[in-house]
Amino acid sequence: MKAVGEPGTKELLSLEELEAAGGLRTGRKHVLSILVEDKPGVLTRIAGLFARRGFNIDTLTVGPTDDLSISRITLTVDGALHPIDQVTKQLHKLINVLKIRDLEPNDTVTRELAMFKVAVEGTQRAEVMQVCEIFRGKVVDVGRRSIILEITGTTDKVAAFEAMLRPFGLIEMMRTGEIAISRGRGET
Amino acid sequence: MRAVDAVMECLKAEGVDVVFGLPGGANLPTYDAFVDGGIRHILVRHEAGGGHAAEGYAKATGRVGVSLGTSGPGATNLVTPIVDAMMDSVPVVFITGQVRTELLGTDGFQEADTMGITMPAVKHSWMIQHPDEIPRSLHEAFHVARTGRPGPVVVDIPQDLSRADIDYQPVTDVKLPGYQPTTEGNTKQIRQAAKALASARRPVLYVGGGVVNAGASAQLRELATLDRFPVTCTLMALGAFPAPHPQWLGMLGMHGTRAANYAIDEADLICCIGARFDDRITGKLSEFAPRAKFIHIDVDPAEISKNVPVHIPVVGDARNVLTKLVAEYRALEIDSSRLDTWWERIEGWRAKHPLRYDEATNGEIKPQYLVQALYEATDGEAIVTTDVGQHQMWAAQYYHFDEPRKWINSGGLGTMGFGLPAAMGAKVGCPDATVVCLAGDGSVQMNMQELATCTQEGIDIKVVIMNNGYLGMVRQWQELFWDHRYSQVDMGDFPDFVKLAEAYGATGVRLTQSAGLIEALREAIATPGPVMVDVRVCREENVYPMIAPGQAARDMVG
Ligand SMILES: Cc1ncc(C[n+]2csc(CCOP(=O)(O)OP(=O)(O)O)c2C)c(N)n1
Ligand SMILES: [Mg+2]
Numbered sequence: 071m072k073a074v075g076e077p078g079t080k081e082l083l084s085l086e087e088l089e090a091a092g093g094l095r096t097g098r099k100h101v102l103s104i105l106v107e108d109k110p111g112v113l114t115r116i117a118g119l120f121a122r123r124g125f126n127i128d129t130l131t132v133g134p135t136d137d138l139s140i141s142r143i144t145l146t147v148d149g150a151l152h153p154i155d156q157v158t159k160q161l162h163k164l165i166n167v168l169k170i171r172d173l174e175p176n177d178t179v180t181r182e183l184a185m186f187k188v189a190v191e192g193t194q195r196a197e198v199m200q201v202c203e204i205f206r207g208k209v210v211d212v213g214r215r216s217i218i219l220e221i222t223g224t225t226d227k228v229a230a231f232e233a234m235l236r237p238f239g240l241i242e243m244m245r246t247g248e249i250a251i252s253r254g255r256g257e258t
Numbered sequence: 020m021r022a023v024d025a026v027m028e029c030l031k032a033e034g035v036d037v038v039f040g041l042p043g044g045a046n047l048p049t050y051d052a053f054v055d056g057g058i059r060h061i062l063v064r065h066e067a068g069g070g071h072a073a074e075g076y077a078k079a080t081g082r083v084g085v086s087l088g089t090s091g092p093g094a095t096n097l098v099t100p101i102v103d104a105m106m107d108s109v110p111v112v113f114i115t116g117q118v119r120t121e122l123l124g125t126d127g128f129q130e131a132d133t134m135g136i137t138m139p140a141v142k143h144s145w146m147i148q149h150p151d152e153i154p155r156s157l158h159e160a161f162h163v164a165r166t167g168r169p170g171p172v173v174v175d176i177p178q179d180l181s182r183a184d185i186d187y188q189p190v191t192d193v194k195l196p197g198y199q200p201t202t203e204g205n206t207k208q209i210r211q212a213a214k215a216l217a218s219a220r221r222p223v224l225y226v227g228g229g230v231v232n233a234g235a236s237a238q239l240r241e242l243a244t245l246d247r248f249p250v251t252c253t254l255m256a257l258g259a260f261p262a263p264h265p266q267w268l269g270m271l272g273m274h275g276t277r278a279a280n281y282a283i284d285e286a287d288l289i290c291c292i293g294a295r296f297d298d299r300i301t302g303k304l305s306e307f308a309p310r311a312k313f314i315h316i317d318v319d320p321a322e323i324s325k326n327v328p329v330h331i332p333v334v335g336d337a338r339n340v341l342t343k344l345v346a347e348y349r350a351l352e353i354d355s356s357r358l359d360t361w362w363e364r365i366e367g368w369r370a371k372h373p374l375r376y377d378e379a380t381n382g383e384i385k386p387q388y389l390v391q392a393l394y395e396a397t398d399g400e401a402i403v404t405t406d407v408g409q410h411q412m413w414a415a416q417y418y419h420f421d422e423p424r425k426w427i428n429s430g431g432l433g434t435m436g437f438g439l440p441a442a443m444g445a446k447v448g449c450p451d452a453t454v455v456c457l458a459g460d461g462s463v464q465m466n467m468q469e470l471a472t473c474t475q476e477g478i479d480i481k482v483v484i485m486n487n488g489y490l491g492m493v494r495q496w497q498e499l500f501w502d503h504r505y506s507q508v509d510m511g512d513f514p515d516f517v518k519l520a521e522a523y524g525a526t527g528v529r530l531t532q533s534a535g536l537i538e539a540l541r542e543a544i545a546t547p548g549p550v551m552v553d554v555r556v557c558r559e560e561n562v563y564p565m566i567a568p569g570q571a572a573r574d575m576v577g
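Read top to bottom, the protein sequences are chains A and B.
If you want the working numbering, it's the position in the first sequence, counting the first as 1, plus 70.
If you want the working numbering, it's the position in the second sequence, counting the first as 1, plus 19.
Just chain A, same shape as in the assembly (with noise of 0.2 Å):
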């Protein structure tokens, strides 16, 4: 007899092979572009699915297309906690959303748009203007103690020039969340 725990099924099969392993983590983060139904309540289906799963949101955004019965949700999770495939697969489930893309970040480009209140005495503002202009920032609004800068750029870069900004003095900041788009001639 062979022994216990000596597969006979060892040679035709392997995880790697039949690329199931759907529920492992990917480890990295995750941008999906989502179209879905502008109905009511699909914001809420989808924001109820990811706190029941326990999926955690690291941002989102929803707008129109052009296709007014239709709006985009930009949505970036964890890949490193959450089985992206099942998020996908969840999200799938629900009736209002079209189409799913876990968006390769090598073939995607992603923007957000961000604002910041700095504090600025005196010469300060001369230096808080150099760095936006560094970072191709602009000046959207300029107070006696304070001014207001605005940035769009990848997450990173946004980040980035937060860190710098962060010393002088931030009352305030606002970011959009990621969107993102496909490279090439394809739809996302």
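Derived by calculation from the structure, the hints in this document are not laboratory data.
All C-beta atoms, glycine included, are put in the ideal place defined by N, C-alpha and C.
Keep in mind that a hint or two might mislead.
As the list claims (entries may be wrong) - Just the calculated beta-carbon pair ranges, DEER-fashion:
id, chain 1, residue 1, chain 2, residue 2, range
1, A, 150, B, 191, 44 to 52 Å
2, A, 113, B, 193, 18 to 26 Å
3, A, 113, B, 355, 50 to 58 Å
4, B, 375, A, 118, 44 to 52 Å
Dock chain B with the ligands against the given chain A, drawing on the hints supplied.
Structure of chain B with the ligands alone, referenced to chain A:
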């Protein structure tokens, strides 16, 4: 035409012959349409009873059940059946009344956010915003409830919109772009599955409720018998494979047989069909089937690799997939003798660990014996519903179901009070069948009121109460895991179920002695009209064997 009359037309077009519900202010217009709508409406005594009845109807017939309630409390009373139907993949359309649109969001009288409250637990839901949407939404609701992985749906209709007149056109083209269940099954994957099965030395077919939902019992049997595969079923699938069959190992999981659980533990290949690796099946996940590779056939892609990483996934309807799998399997050269040692091992477990209990010495009725007696008294042919608790597990162990849709219980949610209304719904759906609710004395009191519905409507169900005077399953856990410290589980000798049955206009019977039990049950079941039998059983019996929560299968006790 009035929108509510269109509702009747839609229900008829969907083949609905009966609905279960209870009216109120917000759905008065719909109830007016029932007066001459041509659809049988059964007036329940509590919306939850109606919801479970619709589930029982759906589970027994395979058709979509329909359950109605008014806004606010009517809708909130439906929440338990909705969640129950979601957990067990039961197709039910819940139609709720809602306050007038001008009152929405104002905390109006009997306003509840039905969409919000039910959203986490529905397959989908529709909030009607314009009367013209009513017919299409209803047809979409039936389509979604019935197809793919079945489930509950809610259609919430504000009172003023249901009163409107609409230009009703029959809807025949339901199209939901975001909903296209995969039902066929990928041929390449199915071929892989066939090859894996053919080379497995210690295979097990692990069968779940999906096989019942897909009507795939015949195909399952064909696959199993092509190559002497051992078969085990979850609580939801009992009857999907005939219990008397020699390849049947019994149920698996927490109160499954040792043969089934040990086979899973030592298997080298597990072919899961329409089940979902629930914790009551796997026990300690990290030690579940440690030597096995997995094939998983399921119509819901999200179930695949949810709890257990799967090697060969096949997304599709169990009947389609099994049909193809059988064909692929036939084409292979199969040497069934490779399974001889495996069967020897299984037969060893079977011989050593059959389901057993100590017989009573004092003439008392052992609860396990009650189920055996019920099996005899019904010639094993009844549709059996249960509540939740010890009686449910004993029913699963000792009533040997040989066909699907004869075993109806609340598996995923474990809803006490499910059994009686579910039996009512099953009997309405299958009027020629003997329908028995094997109830717990605690559970039955949670939806007792539906006995009035049964007597009024002449719904001939037989309720057999396994009366141990305890919330027995909780008592068992307190005994085993909480050092015998009983807390709030003793229900004493209340109520007097015989008098209660009589008060409801049903027949009440009390049985206390083991001798003659089969005949006495036979007689009670043969009594026309609803009957409630109060069977006094040994109070402190435990359900065994058992995988303690969080433990591994090989550590079964009892
Ligand atoms: C609505 C609800 N409340 C509580 C529970 C927890 N619970 C599980 S089994 C059980 C005991 C049920 O008692 P009974 O119906 O008499 O069945 P027995 O176990 O005695 O056979 C309880 C309270 C439940 N499953 N459902
Ligand atoms: Mg009890």
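Violated hints - listed by number, lowest first: none
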